[in-house]
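Throw the hints in and build the complete structure from the sequences for me.
Taking the working numbering, I'd label the letters of the sequence shown as residues 271 to 482.
Honestly, the hints are just simulated from the structure, not real lab data.
It is possible that part of the hints are untrue.
So the derived label-pair ranges between C-beta atoms look like this [as the list claims (entries may be wrong)]:
#1 L481 to I403: 19 to 25 Å
#2 T452 to E417: 23 to 29 Å
#3 P336 to T452: 17 to 23 Å
#4 S356 to D459: 39 to 45 Å
#5 E347 to E376: 19 to 25 Å
#6 E409 to K343: 34 to 40 Å
#7 I416 to E342: 36 to 42 Å
#8 E438 to K371: 17 to 23 Å
#9 D385 to E458: 36 to 42 Å
#10 E361 to I403: 28 to 34 Å
#11 P336 to E470: 29 to 35 Å
Think of the CB as a built atom: it goes at the ideal place given N, C-alpha and C, for glycine as much as any other residue.
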Amino acid sequence: MMKKIILTILAVELFVSILTGCGNNMPTEELVNNGQSPAEQNYELPAGSAYVENVKDLWAGVTEMPVKKLREKVKAELGEKYWPDSLLSEEELEEKIGISKDMYVEFLAEKQNIDANIDLMVIVHAKEDYVGIIEQKFEEYRNHIIEENKKYPQNFGKAKASRMETIEDYVCFVQLGADTSTVAGKGEDEIIAYCQEDNERAIDILEKSILQ
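Following this line, the structure appears as structure tokens:
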């Protein structure tokens with residue numbers, strides 16, 4: 271009789287221990303619902319998750335930046351003669367001109383969407399130690415674009431008229447001129463002078479705006 275009682279007690283204890291073990295393995299949601307706190311876990315947000323904004327429109331990234339306001343002032347000054355309409359990404363800026371993201375605080379680079387036209391404006395807020403390097407990159411790009419367009423008179427004149435200006439820690443490059451067809455028949459010098467006028471207007475606005 272005593273043996274049966276002992277076996278019964280052992281069986282009950284075994285049953286209780288099984289139930290307790292199962293309870294500790296319940297899903298987190300059920301543990302919370304039963305007043306138990308799940309163990310602390312560290313969560314990492316994977317790239318491309320819902321918490322990482324996927325910005326398709328590059329303008330969204332420069333809405334409040336000073337460089338966008340500078341661009342707007344140049345566009346307002348030139349009106350229909352400001353042709354750039356397509357922003358360059360960080361990767362495109364580095365590929366096109368060689369200016370990498372470790373060289374600047376912010377930038378805005380805008381070219382014309384039509385590849386046959388070379389209108390371009392780049393405003394780079396340079397890090398202090400990189401002003402000279404960025405100037406060199408712009409000079410190399412200018413020489414390249416001049417060489418590349420020797421067979422295209424209108425673009426050649428526009429490339430020759432391009433200029434770079436450093437204003438405090440902003441390095442600006444303008445290659446503007448829009449429609450040069452009205453002076454195309456007057457020779458290279460006329461095309462250069464025509465484009466230089468727009469470039470000077472752009473640089474003047476940038477200088478006044480940055481130094482104000």
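Each hint tested on the structure:
1. L481 to I403: 19 to 25 Å: holds (23 Å)
2. T452 to E417: 23 to 29 Å: holds (26 Å)
3. P336 to T452: 17 to 23 Å: Since the Cβ atoms of P336 and T452 sit about 34 Å apart, the hinted range of 17 to 23 Å is violated.
4. S356 to D459: 39 to 45 Å: violated (30 Å)
5. E347 to E376: 19 to 25 Å: 21 Å Cβ-Cβ, so the 19 to 25 Å window holds.
6. E409 to K343: 34 to 40 Å: At roughly 25 Å between Cβ atoms, K343 and E409 fall outside 34 to 40 Å, so the hint is violated.
7. I416 to E342: 36 to 42 Å: Violated, at about 29 Å.
8. E438 to K371: 17 to 23 Å: holds (20 Å)
9. D385 to E458: 36 to 42 Å: Roughly 22 Å apart at Cβ, these two residues miss the hinted range, so it is violated.
10. E361 to I403: 28 to 34 Å: Violated: the Cβ-Cβ distance is about 18 Å, outside 28 to 34 Å.
11. P336 to E470: 29 to 35 Å: Since P336 and E470 have Cβ atoms about 22 Å apart, the given range 29 to 35 Å is violated.
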